[in-house]
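Visitor: Residue numbers (our numbering), protein chains in the order written: chain A, 1 to 353; chain B, 1001 to 1504.
Worth flagging that the hints you see were computed from the coordinates, not collected in a lab. C-beta atoms are modelled at their ideal positions from N, C-alpha and C, and glycine is treated no differently. Check the hints yourself; a few may be wrong.
Distance ranges between label pairs, derived from CB positions [claimed, not checked]: (1) B:Gln1010 to A:Lys25: 26 to 36 Å; (2) A:Ile144 to B:Gly1104: 24 to 34 Å; (3) A:Lys25 to B:Asn1161: 50 to 60 Å; (4) A:Ile144 to B:Ala1361: 27 to 37 Å.
Below 25 Å or equal to it, Euclidean Cα-Cα: the simulated SDA-like pairs (lysine to any residue) are [to be verified]: (5) A:Lys207 to B:Arg1372; (6) A:Lys27 to B:Val1393; (7) A:Lys140 to B:Arg1322.
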Amino acid sequence: MQQADRQPKQELVNISRLIDENSLKEKLILLFTKWEVLLGILLVFEFILFSNLSPYFLDYFNLMNSTFNFMEKAIMALPMIYIIMSGDIDISIASIIALSSFAMGYAASMGMDVAGIILIGLAAGTLAGMFNGFFVTILKMPAIAVTLATQSLFRGVSQAVLGDQAYTEYPKSMAFLGQGYVGDTLIPFELVIFLFLAAVMGFILHKTRYGRKLYAIGSSREAARFAGINVSRIRFINFTLMGLFCGIAAVLLTSRIGSTRPNIALGWDMEVITLVVLGGVSISGGKGNLFGVIMAIFLLGYLKFGMGLINLSAKVMVITTGLLLVIAVLLPGFLDGVKARRKLKSQQMASTL
Amino acid sequence: MSETILEIKQLTKYFPGIKALDGVHLTVRTGEVHALIGENGAGKSTLVKILTGVYTLTSGEVLLDGKPLVCRNALEAQACGIAAIHQEASMFPELSVTENIYMGHHIIHPKTKRVDWATMRKETQTLLDSLELEIDCNTLVKNLGVAQRHMVEIAKALSLNARIVIMDEPTSALSLREVEDLYKIVRKLKDDGKAIIFISHKFDEIFEICDYFTILRDGRYIGEGLVKESSVDAMVNMMVGRSLDQMYPKKEVKIGRPVLEVQQLAQTGYFQDVSFTLHAGEILGFFGLIGAGRSEVMRTLFGIDSRSHGTVLLDGKEIHIRKPSEAMGYGIAFVPEDRQSQGVILEMSIAKNITLPQIDALSRYGITHKKRELEVTETFGEKMEIRAAGWHVDADTLSGGNQQKVVLAKWIATNPRILILDEPTKGIDVATKAAVHQFVSEMAAEGMAVLLISSELPEVLGMSDRIIVMHEGALTAEFSRDEATSDSVIKAATGHTAGNGGEQ
């Protein structure tokens, strides 16, 4: 009797192995249905397109210099991966920049030195992040509601004090951070900072227990809690990190443009979230990786640059981004569906053998 | 013999990685209560979902009145005269009984072209009265009890002129008296010439109310027959495919010292005054109806929920558990009730799932250690005989049984002294079920203390050294293995304090 019961179960195992995952064909299918690989192909395509359309696109100096325009957002995208990965959202980040930059401007107006100004900027950002984290994890309020409120609150502080004024008096030496190059090369300092931070954040995400817990929380907060993971602590750290990185971005941005106005970085929250979602991080959490987001950063950054070169209006840019996003949201589900159907089909074929 | 209304032939349904149904037959006649019998995971629910248009069949035929049934969603199924009443009533709690009953097919006034609430209320009240239910049609569903909600669902099916009513374990949350009411209604439906598919694995019910039965096991058709010409033993044999001894391989174990003592534990609104002692090597069964508070007690012990009162002693010393990681530190492991949302992380590989509770210990300077993780996974994955294409495959590609093995492996890997199992065999196939029982029995024999919550009486009776019964948040009785009978345990669980065997 028992023997008879075992039989069909054995069959199931063999069926699920019918698709030989080690064959070249399957490996290629797997590779080219990966979102970050598709983004990479898109990036290559973009380079070919623009270098044909404009002689100035494929130029080392131009390619390096244009990164200035999107490196601060790129830096903010890094902790945003953690936030979205664990199923949260933060739409107050542009306002954190405003708050942090305002704090720096105030410190500068008080005659503080560069180190002091930077420290104030980072501290303001971190505190703002902790503020969000407190409401989300300790008081257990929904992240979207909390950061919607702080979106107004953080920027409101700078608006209330500055009105239509601006801080423009920063020490001359501060300009290096956001405008300088590494040594005699043409590599922007901002780009190097980003690559360094990306390496650190990528390592944490993919190689440490912290990263593992992020994926677990994003996939199922409940199951993560049952596995003994301190979900609240990790979410709090995420929001704090988000604040710190906004502080870093605020330092770089303030240094680059040399002034603080209340509308600084307006609209960046959605741009940063766009980068992360386009990079393949699931908005419902638990899926995605750093590589995809880096691809998305350069894809969108150079898209903007290239479109500027051939004098396309900003509206075309917005529409293009929108289309890419729609695809980014739809495609993973579509690909999963295709994979499941293939598997089912081979299973049925096997059972009729 | 009355006429055949529904005929299913060679029905087969695949999901990725699993054959849920394999050549199933079912013939249902009008004026018949047809028991669809099978263990959890036998494919009953899948069959219902195909009939109600939730799933599409892979191959085979479903004939309604001799014509192929095509329905792509619940609405179309309703139009065909098929209505299902689910285990846990799915209704809109903030809407009234009338609104719930007419959801999706509101009556439109022929003249004003507006929703005709007056008629709907009148019809609803007539319907409720005809079922002899003391429910007002304007009551909000959230204010109804579980049993009443079931009755409203039945009323809804009738309002749709359903000819086939499917009841999926309708009694699992009902008290004895409520079950009687349900029987009355079922008999009435039967007299009206409706066909009723009654899904259950409780034999007393089947013999009380059903005329005919069909048995499924592991997604396959096993047999059918007239209930009155069959016996419990015959049915169990067909359903389980093995004798009860094989199903519940309980070992004789010498019970050791007390490990865990719980005194007057309470959580306001869920349970109160819960006291018991758990010994090394003992399997302590917890039985009760859904909502009796068993899971809540365990969640509190594991630090998921906080307690409002009471003390917990481990080896005679008082301990305070405020979060799961602390419970794990004391050597407690918890296999939760809801495998899919609490047990495994579906989007993670088997290896990552198994190592998740001890990922801190397995990492060096916070960096994950692939080799150590693989060692743990192999050791415990093989111990649990997890069947998969590899340790790297995602948990969502596994069958329910294998997922449950992953959950067990992940907790056994933490080397616990106390293992809490909340419905450990819910929704898994018979072979895996037997394997889980075998395994739990072995762990207990090695000295592990086990708390076993189950809503399946045979499981509790077959596996436990002692049985504690809960009803509405309180302990109602305690039985030793020898004292416990299905009758006495069920009575205690439904609030009839047992005269014999109740030690508390």
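Visitor: Just to be careful, I want the Cα atoms of lysine 27 of chain A and valine 1393 of chain B compared with a cutoff of 25 Å; is the pair within it?
Guide: holds, 15 Å
Visitor: Does the hinted range 26 to 36 Å hold for glutamine 1010 of chain B and lysine 25 of chain A at CB?
Guide: holds, 34 Å
Visitor: Taken at face value, is the distance from the CA of arginine 1372 of chain B to the CA of lysine 207 of chain A at most 25 Å?
Guide: Within the cut-off at roughly 14 Å; holds.
Visitor: Does lysine 140 of chain A pair with arginine 1322 of chain B here, judged by a C-alpha cut-off of 25 Å?
Guide: holds, 17 Å
Visitor: Range hint 24 to 34 Å: satisfied by the CB atoms of isoleucine 144 of chain A and glycine 1104 of chain B?
Guide: holds, 31 Å
Visitor: Looking only at beta-carbon atoms, does the pair lysine 25 of chain A, asparagine 1161 of chain B fall within the given range of 50 to 60 Å?
Guide: Given about 53 Å between the Cβ atoms, the range holds.
Visitor: Is it true that isoleucine 144 of chain A and alanine 1361 of chain B lie within 27 to 37 Å of each other by Cβ?
Guide: Because 35 Å falls inside the window, the suggested range holds.
Every hint, counting from the list given before, is met by this structure.
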